[in-house]
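Colleague: This is what each chain is made of:
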Amino acid sequence: MGASASIRAEVARLRAAAVLLPAEVRAVMAADGAALKKQLQSEAQGVAHAPNLPSAITSTSGLRPDPFYEVGPIEGGAGSLALLYYGNSKTGAVLKDPRFALIRQAEETTRKITAMVERRA
Amino acid sequence: MIDVHAHAEALLEALAARGLRVYDSGAGNKLDGSYETPVLPYCVVYIDGGLRSALSLVDDHEEQADFDAEIWSVGKSPRSARAVRSDVLALVGQVLTVGGRKARIDSVFSDPVKPDRDDPRTALFQGRDGVTVVSLQA
Numbered sequence: 404m405g406a407s408a409s410i411r412a413e414v415a416r417l418r419a420a421a422v423l424l425p426a427e428v429r430a431v432m433a434a435d436g437a438a439l440k441k442q443l444q445s446e447a448q449g450v451a452h453a454p455n456l457p458s459a460i461t462s463t464s465g466l467r468p469d470p471f472y473e474v475g476p477i478e479g480g481a482g483s484l485a486l487l488y489y490g491n492s493k494t495g496a497v498l499k500d501p502r503f504a505l506i507r508q509a510e511e512t513t514r515k516i517t518a519m520v521e522r523r524a
Numbered sequence: 003m004i005d006v007h008a009h010a011e012a013l014l015e016a017l018a019a020r021g022l023r024v025y026d027s028g029a030g031n032k033l034d035g036s037y038e039t040p041v042l043p044y045c046v047v048y049i050d051g052g053l054r055s056a057l058s059l060v061d062d063h064e065e066q067a068d069f070d071a072e073i074w075s076v077g078k079s080p081r082s083a084r085a086v087r088s089d090v091l092a093l094v095g096q097v098l099t100v101g102g103r104k105a106r107i108d109s110v111f112s113d114p115v116k117p118d119r120d121d122p123r124t125a126l127f128q129g130r131d132g133v134t135v136v137s138l139q140a
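Residue numbers (the working numbering), protein chains in the order written: chain U, 404 to 524; chain X, 3 to 140.
Keep in mind that a hint or two might mislead.
[What the hints assert, rightly or not] Cβ pair distances, simulated, as ranges: (1) X:37 x U:466: 46 to 56 Å; (2) U:517 x X:112: 24 to 34 Å; (3) U:514 x X:97: 43 to 53 Å; (4) X:37 x U:429: 49 to 59 Å; (5) U:467 x X:138: 31 to 41 Å; (6) U:429 x X:19: 48 to 58 Å; (7) X:138 x U:434: 26 to 36 Å.
Honestly, the hints are just simulated from the structure, not real lab data. What you are looking at is a predicted structure, and each value in this text was computed from that prediction instead of being measured. Every residue gets a Cβ at the ideal spot worked out from N, C-alpha and C, and that includes glycine.
Chain U extracted, bound-state conformation (with noise of 0.2 Å):
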């Protein structure tokens, strides 16, 4: 199976859990999602000029139908501060891509679907 056929049995894999299993997989999107959060306001603490950005990091999550959470800074105020995760060529970023901790969370609530799925069948 190539990568992206893996990906949207992935993806069907998940479709099918939240039709089978609301409950427990809104309860792990809101447990992840907020285990992201806790990372990502981790990772943006001490940077002197922004020491706000941490508490402006927020999560939702839930079923929209598909499972989502959306972590991040709210726009406005302290969350406004795009520049310290993206920078530019010149003065780079100062705060970690937060892609790095979304891809791991992500990767960890796919297996935990899988696995109630796999326990229900």
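Given the structure of chain U, go ahead and fit chain X onto it with the hints provided.
Modeller: What follows is chain X alone, placed relative to chain U:
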């Protein structure tokens, strides 16, 4: 105790060994600690988002330590930035030997070369690659 800083140095040196101009945590920051006006094309490596002090957090792992690095490939033209990036990507999957340990370089994300729109005065092109260096006992 795992010397994570030695791993970071090994990554920088592996890039330099490919003939790339390598800057550490900011364009112009040479590996010997001195500064020069950035000379294109180049790559800039940001270890753990440029906050190296955070590396101490993983110093006490026994069997395995991971750290993340962003590598930006920068050029005056898309072609030159892609050439740098090609050399950077050649390191993915390779295993470095660091102080008797094996350090594998895994790809986490990859952004293709595009214009650096944040600073139109410079008219530079850059690609970004996120890698994790996984240090394992040899």
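Colleague: Each hint should be assessed against the structure and marked as holding or not.
Modeller: Verification of the supplied hints:
1. X:37 x U:466: 46 to 56 Å: Taking Cβ atoms as reference, residue 37 (chain X) and residue 466 (chain U) lie about 51 Å apart, which means the hint holds.
2. U:517 x X:112: 24 to 34 Å: Because 25 Å falls inside the window, the suggested range holds.
3. U:514 x X:97: 43 to 53 Å: 25 Å, violated
4. X:37 x U:429: 49 to 59 Å: 52 Å, holds
5. U:467 x X:138: 31 to 41 Å: With Cβ atoms ~40 Å apart, the hint holds.
6. U:429 x X:19: 48 to 58 Å: 50 Å, holds
7. X:138 x U:434: 26 to 36 Å: Distance hint for residue 138 (chain X), residue 434 (chain U) holds at roughly 29 Å.
In terms of the numbered hints stated before, the structure departs from hint 3 and from no other.
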